[in-house]
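Novice: Chains as they are written, first to last, in the working numbering: chain Z, 1 to 249; chain C, 250 to 684.
Everything labelled a hint here was simulated from the structure, so no lab data went into it.
No incorrect hints appear here.
Restraint ranges, calculated between C-beta atoms of paired labels, are given here:
(1) C:R263 with Z:A114: 57 to 65 Å
(2) Z:R239 with C:Q621: 42 to 50 Å
(3) Z:P91 with C:E657: 12 to 20 Å
(4) C:K601 with Z:G240: 52 to 60 Å
(5) Z:N189 with C:A324: 45 to 53 Å
(6) Z:Y86 with C:A324: 39 to 47 Å
(7) Z:E69 with C:A324: 43 to 51 Å
(8) C:E379 with Z:R107: 57 to 65 Å
With a straight-line cut-off of 27 Å between C-alpha atoms, the simulated DSS-like cross-links for lysine-lysine are:
(9) Z:K230 with Z:K40
(10) Z:K139 with C:K678
(11) Z:K40 with Z:K3
(12) C:K601 with C:K580
(13) Z:K230 with Z:K3
(14) C:K678 with Z:K122
Glycine residues also receive a C-beta, built at the ideal position from the N, C-alpha and C atoms.
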Amino acid sequence: MLKIENLHARVEDTEILRGLDLEVGAGEVHAIMGPNGSGKSTLGHILAGRPGYEVTDGSVTFNGENLLEMETEERARAGVFLAFQYPVEIPGVSNMEFLKAAVDAVREQRGEPAIDAVSFMKRAREACTAANLPAEFLKRGVNEGFSGGEKKRNELIQMMLLEPRLCLLDETDSGLDIDALQVVAQGVNSLRAPDRAFVLVTHYQRLLNYIEPDRVHVLADGRIVRSGDKDLALHLEDRGYAWVEDEVA
Amino acid sequence: MTGFMHQPLLEASRRAPHWLQSLQARGLSHWEGKALPTRRSEPWKYTSLQALRDDYSLVATGAVAPAALPEAVAAGFGGPRLVFIDGVYQASLSTTPDFEGLSICRFEDASSEQAARIGEHLNSSFDPEEHLFAALNTALLSDGVLVELADNAQLDEPLEILWLTQAAEAPTAMTQRLLVLAGQGSRGSVVEHFADLRGAQASFCSGVTELFLAANADLTYYRVHEEEGDAIHIGGVHARLERDARLNSFYLALGSVLKRLDLVVEHAGPGAHADLNGVYLPRGDEHTDFHTTIEHSVPHCTTDEVFRGIVADRATAVFNGRIHIHPDAQKTRAELSNRNLLTSAEAEVNTKPELEIYADDVQCAHGATVAQLDELALHYLRTRGVSRAEAEVMLSFGFVNELIDGIELESLRSYLRPLLAARFARDEKLARHLL
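Just chain C, with the same shape it has in the complex:
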């Protein structure tokens, strides 16, 4: 794997704006000379990187973009939208109306003040030694998105960032980088939507997102991964919550040959609260891996984390949920639940809740289950005339739909429901009552 990312790294260093080059070089210094993690290292024990190729290249910036978005994603979620294809911004497909208190800028266009804020925050929410692929993302950085919510700004409409991968002749690499600075008392929601166009070639994506929530900020963050087939994604979300900030987040990963997401939330100010809800649905020979870490560094913070997975065929899934309660973090309440359904005898899930508690006055609960579809529920549906095949689709859908129902954004719920119903049904007819 000596050639892995060789061309993209060279190309990225040529493309980056001048002020980004030192950040990029720092990323490179953490990446260069390191061996790729192997399954001998604990965080990669159940996830192999063998599917990575050594011939990815960055897409030329002048590549022709489609005149219109594919129908499936065209409707959006009712708010402003930034569209990137193969990592390249598409002004003609994007809508960025002005909202009071909301500022969106691409790194390429950053003013010197914005560049200074990017420089101050970017990479500060994670340790690049621990998150090697986030360091790679930084080393490949030539563009990204900065979203700023001014103090007390109230954004009612969701901001969508659509990262599309297009069919290409050669395996492509791309990075997606999002930095959200939510000011004190601000409220808003962001959807990061990753999808590939049908027939896309092998690709390597690295989407790294950093969320900074100032005191009392209230941010809702949705991350939807629809990439399939040979689309590899290794990315993560790193959030830092100051006093009384609230992060409500949702993650969906359809499977692909390899999908690994590291989600890290740091409670840095007392009274902060984080909700993390997630769904993963690998099938065929796909693989998904969620590694979540919640750092309770200060007292009086709360976390509710619920992840559910349905693993089908010969697919494999990993869920590792770590909650780290530091000695000062008294009065912490943290709950973690991970439930899995295996719908085939060959499907596999490795789930591991990890609680590290160094404070004594805390409430912590965790649970992980692996099960099959409930035979009694199947029977009940069948006693009403529903075929076994349709009953299986309904139960699978219901299992994850409980989390979909918890999504506040109605347009996202309406988008996901048919997507999931179709995911479980080999035959369209079996999903007809779920649409």
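With the rest of the complex left out, here is chain Z:
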């Protein structure tokens, strides 16, 4: 589904990714772990096409198509979803308007008509229930005045409504208390499907207690330096990232 080869990228004059390789198949859950500054968030931004992030070498294909050639919204419509570490506040635009615009954009891509208001409301309320966020949040400005945990749940709601093929979660666990973490994990687990893949970017192993990954990768200095099964995450938890960095050096 996702194939990244020799990816080099920089932000302004700083090279952050230096030859990253990663292959994610349909139905799989991958975790990418690494110390601060290793390039974890940059990977998510590059895949989502964020302005200011420049690819200098390498390739990324999504279902065989060159992802890097696609506009940000085209990637989203093709089924790539990035749950932001820091979701953006948009006062004055209601969450409901935003969510419906997103759902309709993805439906249009599939050749489906815009969803009718009643069906949409029903689905949006169900997603709120699943994310344990009161439906009143649909009427508020997008992420406006939401707590960190509420913003993360709102990302989960978007993911549920958009039904993407590839879900990238950028430190979705950071800043969450244990209850919120479980809600998000349950949401992700409920979305697991044979035709959907997940890439979880995280600093800590604890998220992986609730979402069991098929593969765990360690990112250091802009490259994947070690890959393994879920036991690798436990190993990291015991020994810290210094162990990997030392070994690689």
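Using the hints, position chain C against chain Z.
Specialist: For chain C alone, coordinates are given in the frame of chain Z:
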């Protein structure tokens, strides 16, 4: 510009009821012999009057009115309504049911008591030397509306005054004049709605409104300017607030070739509070200019003022926000914010907060910003599949919708939202999620 307003002034002096003539003459004395302000004078530094023509004329009072209002404005806001077309009252399109404590009369029909109250208040809220176009409005005065809320009257439904400009063969001039006397402890809301019918010719409008709020009065005032194209509007609102009075006001100006509004609030009694919220949206080659002045003359008064503008294409906008705190006005709290979005490289805004503080125990804050659409917010919307064009419409709408959301009158919010959504979207489809 020697001929500017020549015909309308002559015609107006012929039309005015006898008792109004002395007021009219006073207006004329302040107007006559004055040169039009140029950009060399500070209040007109960024607003040119070159678009004014010298061939405006007043519409004949007997001109045929449409049988029905255009669909866009027909629904109204759920309360009584007075309709004027080209400055002429339309009884058949107006609804003025009786509400206890509310009295509405046109200057033309004023009783001698009402005429006396009009004479006592009209022009007393501003200095005609400072507000030359308000003096012109007075000189052109032949009709107007007096709204009186009796002491302790509670008006639940909004009163709308709809000032429509109709297509005409020649450039037309008209004045709109509203005088609101809100009695002690009264509560009510008034919507002044200025709009032109599609295809209207060049016109010059001067809408001057005076609001007198007696002690403890609570007045909500909305002013919506939808005139576009060659419709020029130079007008203003002058409010005087007595002890513990509260004025909650909202202003919207879509752009036209020239739109200038002077808003002046005088806190004349301690404990008074004023909210001023405003939105301006010039595009194309349009120009809007809001000059606001808050006079804190007495202690313990508060002001919250928030204006936002989106300036597109080659349009220009001016916002000048003056807060004047007099030496006696201790314990004043006044806050002013003006934020602007420029959506094109050629758009221009001149914003200037002016604080003059002569008291020492006051809290004052002001801020003005000029920015472009937030790239990160655009990106966020696009990562959810929303096209860049639709994301731009949503963000522009959101920027002003924060102020629309603050409007108490639900029917006005519902009226404005689609109007604004359509304003930002060149293509209807781009606004579909905002309606």
